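Visitor: Protein sequences, first through last, are from chains A and B. Just so you know, UniProt numbering puts 170 at position 170 of the first sequence, and the rest follows in order with no gaps. Just so you know, UniProt numbering puts 18 at position 18 of the second sequence, and the rest follows in order with no gaps.
Watch out, some of these pointers could steer you wrong.
Stated by the list, open to error - Example chain B residues on the side facing chain A (calculated, C-beta under 10 Å, incomplete): (1) E25; (2) R40; (3) V41; (4) K159; (5) H221; (6) R223; (7) P284; (8) F307; (9) P316; (10) L325; (11) Y334; (12) S342.
Unchecked claim - Computed beta-carbon distance windows for the label pairs: (13) B:D9 <-> A:A127: 54 to 62 Å; (14) B:E240 <-> A:K159: 41 to 49 Å; (15) B:R281 <-> A:N21: 30 to 38 Å; (16) A:Q31 <-> B:A345: 17 to 25 Å; (17) B:G370 <-> A:K282: 31 to 39 Å; (18) B:R281 <-> A:A127: 29 to 37 Å; (19) A:R28 <-> B:D78: 32 to 40 Å; (20) A:E240 <-> B:G249: 27 to 35 Å; (21) A:Q31 <-> B:G265: 57 to 65 Å; (22) B:G353 <-> A:G290: 34 to 42 Å.
Hints were generated in silico from the structure; no laboratory data involved. Keep in mind that this is a model prediction, so the values were computed, not measured. Ideal placement from N, C-alpha and C gives every residue a C-beta, glycine not left out.
2 protein chains.
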Amino acid sequence: MTKAGFDTDHPIGVAVLGMGNVGTEVVRILQNQADDLRQRVGAPVVLRGVAVRRTDIDRGIPAELLTTDAAGLVARDDVDLVVEVMGGIDPARQLIRTALEAGKSVVTANKALLADYTGELAAAAEANRADLYFEAAVAGAIPVVRPLIQSLSGDRVNKVVGIVNGTTNFILSAMDETGADYEVTLKEATRLGYAEADPTADVEGYDAAAKAAILASLAFHTRVTAADVFREGISKITAEDLETASALGCTVKLLAICERVDGDGEKDRVSVRVYPALIPRKHPLSAVTGAFNAVVVEAENAGRLMFYGQGAGGAPTASAVMGDLVMAARNKFYGGRAPGESVYAELPVAPIGDTPTRYHVNLQVADRPGVLAAVASEFANHGVSISTVRQEGHGEGARLVVVTHLANESALADTVAAVTELEAVTAVTSVLRLEGTAE
Amino acid sequence: MTKAGFDTDHPIGVAVLGMGNVGTEVVRILQNQADDLRQRVGAPVVLRGVAVRRTDIDRGIPAELLTTDAAGLVARDDVDLVVEVMGGIDPARQLIRTALEAGKSVVTANKALLADYTGELAAAAEANRADLYFEAAVAGAIPVVRPLIQSLSGDRVNKVVGIVNGTTNFILSAMDETGADYEVTLKEATRLGYAEADPTADVEGYDAAAKAAILASLAFHTRVTAADVFREGISKITAEDLETASALGCTVKLLAICERVDGDGEKDRVSVRVYPALIPRKHPLSAVTGAFNAVVVEAENAGRLMFYGQGAGGAPTASAVMGDLVMAARNKFYGGRAPGESVYAELPVAPIGDTPTRYHVNLQVADRPGVLAAVASEFANHGVSISTVRQEGHGEGARLVVVTHLANESALADTVAAVTELEAVTAVTSVLRLEGTAE
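Chain A with its partners taken away, still in its complex shape (with noise of 0.2 Å):
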């Protein structure tokens, strides 16, 4: 039994929007490994066109797949499955609206869309009962989305800590490495092509802040937007910083961190943040390098898993469009639909300031008796708990390492402002995160 007008011999239509480095290898997979994806649909799989901005480049496919006229596109009859890999908000988000309304199911990579319109996109897919897929929007080829959507959706997941960003990994490895200051390895990326030539993005967070929406919706059946997470990037991320946290033992990642915050008997909130944080090396997220992601993810029954590989980049991407793809074709030929959107839970986003972390603070301080206790008493009287102090040096740099247990950001801020304006304390030169550590 296939659904009407599916059989072994009908074909399968698909629209690819956008022909960039992923859209390539997608287009390069429909047709190098068409016989697998007929088997494994159950139906031939059969390129209808590419939607592009230009089609007097020469893009090694027959000119009469080419189109600049997207909605065209989506909007033939034998068009079944959209492909969504151009970026973006417009006009992906009216394209992707249109193929739903159609009835079409859409594969999409795009991260910042779905951070903010996954619930419009939904409810249109839901309305038309079409699929929604977006495994390639998260963490390129590693498979999070569906584990998360599937395989934990018999647990409670409680936390999710990933590296879903490669230009800064990238970027803080080699930092770490090299010992050379932001600005320098920043270049050495943009050389490399691992920093795109305007990074903000990347580089202030605003990449992975999208992926951290996606993956605490998905984690705790509630609607988490960008808008929702704190987010700070990793352009003041100073060498000085990544020697301190190699002295603790520790390297700096940028993290993204989404983490149910207990009710105490009220509703539970949700806590998502994005910002570069020390972590222990001996954790596992420490040894993830390079261009490299890595996501783990804390649940109730299954523990803690980690899921790693390539972030981005063409062919990996492009992987995990395909196995939406594949599984997109087969619910058209045998009925069925993605488990769509789930946002029962409706569980409160917690501000930042309510938020417990342990924080790395460092201060220039003057070199004389007294110092050290002027400082603590401070953290003392704002509530903030000290796991550990150091004193480093002497005379004009001299140094005091403060490490704290769980103190809230709001707590943390009124001490730092304190500290700062005690007359022993020259400056409060970095206060940094620490994740990964037992409190």
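Add chain B to chain A, keeping to what the hints say.
Guide: Frame of chain A; chain B shown alone:
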């Protein structure tokens, strides 16, 4: 639109077969997380009964839910889904078949059964449009079955290497750490509950071989059964082997290896094998210690992926069962089906003799000139290329340590036989395979 008879008020009835570690946790989750499960499925999920061997033990659930009549429970009209966590071949095989033939979907964690009877069970599922899910059969809580079936369905898997047996990994990790011998460590593992009273299935690699058969079938779209898997256990691994490994910057792991062997123009073949092997300490699988599991998948486009987590235990395994159960229940409610078995590729299984591996060979030799040359000649005579050779000690304790380039199992076996015959060679004290190293 839902399938006939299922709506948001009509509950989906579940039968659980077996109430050991995993069954107990499944029952607990079904009861404690009922609200979440209802939201995620779309309808209530209700436990109809649990089949056990004895009903006269207090198991913390109402006595009327317990029955010794598993077949009667499966046959009940109000049972839509069957969770098989009793283990063993019979009666599990017949109970699952009966359920599937009645159109009831089945979730099972039974790797031994699946390794030999997936074909029969998948056919029954297909013929009756029921689902057969088995994420929990391999690597406990770690999503690896679903990623292979779904996420990588648009890619071409070339290799799967896993640590998929917690007992042997616990023993080898402990031997590596303490320097103790196998027998001592096994005894300790038994005392701590990591090894069963009769540890044969684990230590001789039968459990890992069953999982390897399942993984290879999924990875290569080819029927592979336990009998196709070359298998060697860890019971002959000595403290000296671990020491030698350490000297080479390696450790020893029991690996399940599923590999596509290029067919050189002919059809590709698959090699599936379980044995202890040296792996470099820098290899990601080397850091997987104790009872943890990890599976590395190499695919053409995705590149190298790793999945890590708890491979056994009641709650972790139950997490995987529950994920499958929610998906199967959703399919009952919304229509649609799990992707079924896919063995279209029908790749032949390569005999172990044809499988190229690197080897580490330890020889006890006479301490006199010309020994190295004589040994090296025998390797050359059999077409086994040597990567490094090291002479250690002198007098009666003189040893040669040979590391080969890629060699066929049969060529290596012939070489070892020939070398053993050499007058200057007292004994071949160990032959270990090397994995995860560059050629």
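Visitor: Give a verdict on every hint.
Guide: Okay, the hints, checked on the actual structure:
| no. | hint | verdict |
| --- | --- | --- |
| 1 | E25 | holds, 7 Å |
| 2 | R40 | holds, 5 Å |
| 3 | V41 | holds, 9 Å |
| 4 | K159 | violated, 14 Å |
| 5 | H221 | holds, 7 Å |
| 6 | R223 | violated, 14 Å |
| 7 | P284 | holds, 7 Å |
| 8 | F307 | holds, 6 Å |
| 9 | P316 | holds, 5 Å |
| 10 | L325 | holds, 6 Å |
| 11 | Y334 | holds, 6 Å |
| 12 | S342 | holds, 6 Å |
| 13 | B:D9 <-> A:A127: 54 to 62 Å | violated, 22 Å |
| 14 | B:E240 <-> A:K159: 41 to 49 Å | holds, 43 Å |
| 15 | B:R281 <-> A:N21: 30 to 38 Å | holds, 34 Å |
| 16 | A:Q31 <-> B:A345: 17 to 25 Å | holds, 19 Å |
| 17 | B:G370 <-> A:K282: 31 to 39 Å | violated, 49 Å |
| 18 | B:R281 <-> A:A127: 29 to 37 Å | violated, 54 Å |
| 19 | A:R28 <-> B:D78: 32 to 40 Å | violated, 51 Å |
| 20 | A:E240 <-> B:G249: 27 to 35 Å | holds, 33 Å |
| 21 | A:Q31 <-> B:G265: 57 to 65 Å | violated, 21 Å |
| 22 | B:G353 <-> A:G290: 34 to 42 Å | holds, 39 Å |
When each numbered hint is compared with the structure, violations occur for hints 4, 6, 13, 17, 18, 19, 21.
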